[in-house]
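Residue numbers (this note's numbering), protein chains in the order written: chain U, 1 to 267; chain Z, 1001 to 1392.
Hints may be right or wrong, so weigh each one.
What the hints assert, rightly or not - Reference excerpt, derived from the structure (chain U facing chain Z, CB under 8 Å, subset only):
id, residue
1, T2
2, G162
3, G254
4, R257
What the hints assert, rightly or not - Sample of chain U residues facing chain Z (criterion: CB under 10 Å; computed from the structure):
id, residue
5, Q85
6, P159
7, Y160
Keep in mind the hints are simulated off the structure, nothing from the lab. Glycine included, each C-beta is placed from N, C-alpha and C at the ideal position.
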Amino acid sequence: MTAVPLPYRVVSNRPETTDTRTLTLRPVGEALPAFAPGQFAMLYAFGVGEIPVSVAGLQDGALTHTLRGVGAVSRALCAVRPGTQVGVRGPFGTGWDLPAATGRDLLVVAGGIGLAPLRPLVQAALSTPRNHGRLNILIGARTPEDLLYRSEPDAWGRPYCGMTVDRAGPEWTGHVGVVTTLLDQAAFTPHETTAFVCGPEVMIRATGRELLHRGVPAQHIRVSLERNMHCATGHCGHCQLGPLLLCRDGPVVGYDRAEPLLAVREL
Amino acid sequence: MPSATAPPDADSTACVLDLEGIEALVRELRARGRTVIGPTARDGAIVLAELESADELPYGWGVELEAGYYRMKRRTDAMAFAHSAGPQSWKNFLHPERARQWTADRAPDGGMTVRAERPEPTSFAFLGVRPCDLRAIQIQDRVMIGGRHRDDAYEERRTGAFLIVVECVEPGATCFCVSMGTGPAAQPGYDLALTEVLDDSGHRFLARAGTEEGAEILESLPHRPADDITRTRAREDVEAAAGRMGRTMPDVDLRALLAGTLDAERWNDVAARCLTCGNCTMACPTCFCTTTEDVTDLTGDHAERWRRWESCYDMDFTHLPGGSVRSTGRSRYRQWLTHKLGTWWDQFDSSGCVGCGRCIVWCPVAIDITEEAHALHQESLEPQAETKGEAS
């Protein structure tokens, strides 16, 4: 269903960090087709509007979304009460395409809320360990309070799951620095690795550059990009990044395509 | 109907309609329940509006066009279609500037019901589609119904529309359809094609059908077999029009030109003139961008989603939590031009420009897309010239 939203019931709405919340939604009647990790939905807050939000979890037929309240719609969605309904359209866009990384080492690199779209990818990879090589998860955030899903990464680390923050408080005994500083501790063979990167654009560029430098092939660096979106169906024109319509050709694209486009200011 | 000895370029349905044939055409289309839209003189411009009869066509009117300039002008003859593109295009009808997409109602228990807007069945007949504008319609078809997600409302309006192309015999000073390969002769996609001829033998139209419905309608009108004089005159007038284009595009691969000039100095030059008003995007027959508006009634339990045209020149167009991606006029003009001539190919496998010249005419500061393309082309040649200069 791509034209009008289907009603979904809010099963839970819990705080994730100080400024993000995680919603779990279940279809009231008809369900949308299955989402793949990396794809996104258009979430509709009644009477307020719609925004694109990646899926952050896909278990038991429910849709999980983690979002930060920064605009009218995202604030309204952050405030929905369990039992009420929101509208959902989707699935839209390209996914991470884990099957294409079969047999390769996996390197998941997340910055801030960029971990949300990577979470279902990690869960999928953990459920099929024989299909790929070593799984590395690198998580960066501004402060320890901004780290998402705090209880989960402990169970993820096989062989490596690292976390780092830009600014530490007195209680933080872990890494401090940008997420790429964790790369030295990850176990992967660069030319046999597929990387999955999501975070602020500056972090994506820095990570892409570093991974290329280490020998990960550009087309095996999969990055998730963000632009303004209104329709998600390729008709509104807002999400253009040069030749790409990101709702259709993205949000996940190979760094071989993304790098030259991200290098142009205000493209 | 033409005999077997007709010239090889003759369409088997070719015939000649007099003015009474055109009157009968409008009557017949209306009798079939169609809303006939065509050019008419109104408010100092030739606009597209519903026609109740062929009398409303702008007989005897022409237009004078230049960058940032549009004036209607009395002709010395009674031609009805001797004017080039006006301020509107057919997208005003097929992809209207404001349309409701869905309505949603909230029940006391919090339940939500969403209903897609079912567009009223429309049955347009477009009379006087210029060949460049026929291409523009086909380009919007690719955008709206050519991909994975089809716009049902557009499809409904589009598939119900009957298209009568009128070939161009009087191009304007801002026209460049020859450069874009879209005119002035009719290309496939029409239901009927007409060529207006006015000479000592009278005022008449060479008509051809492109579809069965077109042939059926043509057959029902007062007509006579196409004579050689009319055929020849029609062909010569259209050929002459091709030689009278007011503008040209540089004769290069425009897609490659735009892909290779993202850092050009020319963007600063045009940005110093461009008001980022978005007039070019509103007048352009292919520009399709829209935004959405969500509204509720006073109870708050009835909501509507509306879609309206938006322009890539609007500051909010690329809004993200961190601010607008394209915050400068330079980047917004560059986006429009590179999309229109370049990245449109990547996205929809065609050019986004048909050479109608509307963006030139309706720019309040007379920015000329062809002049900008020529300037970018010149600048793309410069570094080579400088290197040569240094070497010598």
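Hints versus structure:
no. : hint : verdict
1   : T2   : 5 Å, holds
2   : G162 : 26 Å, violated
3   : G254 : 15 Å, violated
4   : R257 : 10 Å, violated
5   : Q85  : 4 Å, holds
6   : P159 : 35 Å, violated
7   : Y160 : 31 Å, violated
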